[in-house]
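Between the sequences and the hints, there should be enough to build the whole structure, so can you do that?
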Amino acid sequence: MNLILKAENISYSVFQKKEEKVILKNISFKLERNSVLGISGESGSGKTTLAKILSGILTQTSGKINYFFSRENKKISPVQILFQNTGEIINPLREVGEMLNESLKIGNKNNSSAILLDNILDAVKLPKHLLERKGYELSGGEQQRAALARILAVEPELLILDEPFSAQDYESQENFLNLFLELKKSLNITMICVAHNLRLLRKLADEVMIMYNGEIAEKNKSEELFANPQHQYTRFLLKAEKYDLKYEEFSSREKMI
Amino acid sequence: MLNVLLNKVSVTKENKERIVLKDIAFELDGGKIYTILGKNGTGKSTLLKSLSGLLDNRFYSVNGKVFYNDKDILSLKLEELQKIRRSDIKYVFQDAVNSFDHLKTFNYYFKPPLSLIWKGAEGEVKNEVDGLLEFFLLPDSKKLFKMYPYEVSGGMAQRISFVLTLLAKPKIIFLDEPTSGIDAPIVNLLLIKLKEFVSNGNLALMVTQDLELAKNASNKIALLSDGTLSMFSTPKEFFYLNPINAEV
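Here the protein sequences line up with chains A and B, keeping their order.
Going by the working numbering, the first residue of the first sequence is number 1, and it counts up by one from there.
Going by the working numbering, the first residue of the second sequence is number 258, and it counts up by one from there.
Calculated from the structure, these hints are not laboratory results.
Don't take every hint at face value.
As the list claims (entries may be wrong) - Capping the alpha-carbon separation at 30 Å, the derived lysine-lysine pairs in DSS-like fashion look like this:
1. A:Lys17 with B:Lys399
2. A:Lys185 with A:Lys221
3. A:Lys185 with A:Lys219
4. A:Lys25 with B:Lys400
5. A:Lys134 with B:Lys289
6. A:Lys75 with A:Lys239
7. B:Lys450 with A:Lys239
8. A:Lys18 with B:Lys361
9. B:Lys289 with B:Lys450
10. A:Lys246 with B:Lys493
11. A:Lys246 with B:Lys270
12. A:Lys246 with A:Lys30
13. B:Lys296 with A:Lys17
14. B:Lys279 with B:Lys472
15. B:Lys399 with B:Lys368
16. A:Lys239 with B:Lys296
17. A:Lys17 with B:Lys361
18. B:Lys270 with A:Lys21
19. A:Lys246 with A:Lys185
20. B:Lys296 with A:Lys18
21. B:Lys289 with B:Lys273
22. B:Lys428 with B:Lys361
23. A:Lys242 with B:Lys399
Values in this document were obtained by computation on a predicted structure and should not be read as measured data.
Structure representation (structure tokens):
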């Protein structure tokens with residue numbers, strides 16, 4: 001086993017009006033290098049919080065995360081996260097090419113960046129003529145590609161995607177899915193993908209983790225989890241994707257955990 | 258119940274006219290959920306808005322007729338049209354958060370439908386409201402009525418606007434992308450209520466790009482592409498005729 005990440009008993013809580021609210025409870029898992037982990041669950045289950053803790057934006061209240069990276073870099077984190085609202089990451093008034101070159105400079109000081117820029121644009125399928133445009137002149141999908149290109153420029157080892165498929169139509173969802181699959185092959189990146197869309201996770205992820213109320217309900221190999229869901233809540237979610245739930249099933253989901 | 262004949266819907270921008278929809282004709286009966294499928298930018302929302310006269314007539318021109326109860330509602334005066342939109346034909350917007358004024362509490366939004374349409378005893382009304390709020394996993398009226406729209410998430414706002422729609426006891430509901438921004442379990446709740454709504458002889462028409470939703474939730478589906486609408490057919494027929502779309 002070649003691990004890149006090992007999380008032990010991660011908990012996270014916030015204080016709301018002097019009351020402690022637990023968001024994550026004792027999350028433990030291992031992540032293998034060059035694999036894709038999908039995290040799914042209802043809204044409010046703590047998916048995004050977990051993603052933020054893993055990328056170092058939030059600090060867990062208790063628990064331990066061990067990373068096993070192949071190279072040490074104190075300035076740039078080898079974990080990078082692609083946020084949900086990409087439109088807010090790309091500066092609307094800056095040129096795309098300028099932004100990407102800046103990231104490339106930070107990422108590798110010695111390399112010839114012209115070749116790298118081509119490679120990255122190729123990898124995210126961003127046409128070259130868009131480099132002269134400013135952030136606001138890009139469409140939603142193009143902005144997301146530009147944001148992804150900027151992240152790839154610093155050569156992350158672990159890439160965290162937070163709801164990369166939301167707010168896209170069917171066709172661009174498929175395009176992005178194929179893009180991520182190609183990235184995994186060509187750049188040897190380990191990925192964690194947070195998404196509530198199980199249909200897409202099935203195609204993308206090697207392993208899938210289902211969360212409910214800050215706990216892991218089930219974690220298994222992707223094929224096995226979808227073919228043979230062990231946990232009641234996973235079955236509930238799979239049925240919900242088909243849109244044929246009854247109200248009784250919905251109200252009894254609390255008891256499933 | 259609703260009879261639609263649209264010759265042309267076009268938008269004028271910088272003195273250039275662009276035709277968005279052309280030659281659209283269909284008839285919808287009560288007691289069914291209809292779905293219009295289509296990709297981004299094919300004019301789904303424009304079609305839905307034109308049916309209840311919601312398009313801004315400074316930019317859009319609608320050439321056609323929409324018959325509701327044998328009356329062409331597009332030729333009505335604004336006040337009469339608003340009256341129908343207030344009681345009979347309701348529209349649930351895609352961007353629910355921004356369809357509320359962020360500086361008014363939800364009390365402001367719940368008062369009018371209650372006083373206008375409901376003449377029942379106060380306790381009865383309160384029970385109905387709380388029942389609906391509880392069904393949609395929302396805070397009860399005591400708490401919610403003190404909240405501002407900026408305090409709720411997008412998914413919650415969508416559910417609140419759906420509750421408001423149901424409280425008005427309409428005959429027809431138009432839904433614009435009801436699944437965007439909410440996760441699958443909550444969509445199921447919405448569909449349970451929607452099915453209950455049409456089982457009383459009412460009509461629901463939604464536009465979406467969610468194939469799974471169209472397949473499982475609707476009685477009739479039509480495809481909108483290049484500004485024209487295909488015929489409404491049952492999900493089985495539809496996905497047999499359009500095998501590419503069936504690839505869910």
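We went through each hint and held it up to the structure:
no.: 1; hint: A:Lys17 with B:Lys399; result: holds, 19 Å
no.: 2; hint: A:Lys185 with A:Lys221; result: holds, 19 Å
no.: 3; hint: A:Lys185 with A:Lys219; result: holds, 23 Å
no.: 4; hint: A:Lys25 with B:Lys400; result: holds, 28 Å
no.: 5; hint: A:Lys134 with B:Lys289; result: violated, 47 Å
no.: 6; hint: A:Lys75 with A:Lys239; result: violated, 45 Å
no.: 7; hint: B:Lys450 with A:Lys239; result: holds, 18 Å
no.: 8; hint: A:Lys18 with B:Lys361; result: holds, 27 Å
no.: 9; hint: B:Lys289 with B:Lys450; result: holds, 13 Å
no.: 10; hint: A:Lys246 with B:Lys493; result: holds, 22 Å
no.: 11; hint: A:Lys246 with B:Lys270; result: violated, 47 Å
no.: 12; hint: A:Lys246 with A:Lys30; result: violated, 35 Å
no.: 13; hint: B:Lys296 with A:Lys17; result: violated, 45 Å
no.: 14; hint: B:Lys279 with B:Lys472; result: holds, 26 Å
no.: 15; hint: B:Lys399 with B:Lys368; result: holds, 13 Å
no.: 16; hint: A:Lys239 with B:Lys296; result: holds, 25 Å
no.: 17; hint: A:Lys17 with B:Lys361; result: holds, 23 Å
no.: 18; hint: B:Lys270 with A:Lys21; result: violated, 51 Å
no.: 19; hint: A:Lys246 with A:Lys185; result: violated, 41 Å
no.: 20; hint: B:Lys296 with A:Lys18; result: violated, 47 Å
no.: 21; hint: B:Lys289 with B:Lys273; result: violated, 39 Å
no.: 22; hint: B:Lys428 with B:Lys361; result: holds, 28 Å
no.: 23; hint: A:Lys242 with B:Lys399; result: violated, 34 Å
Hint violations for this structure: numbers 5, 6, 11, 12, 13, 18, 19, 20, 21, 23, all remaining hints satisfied.
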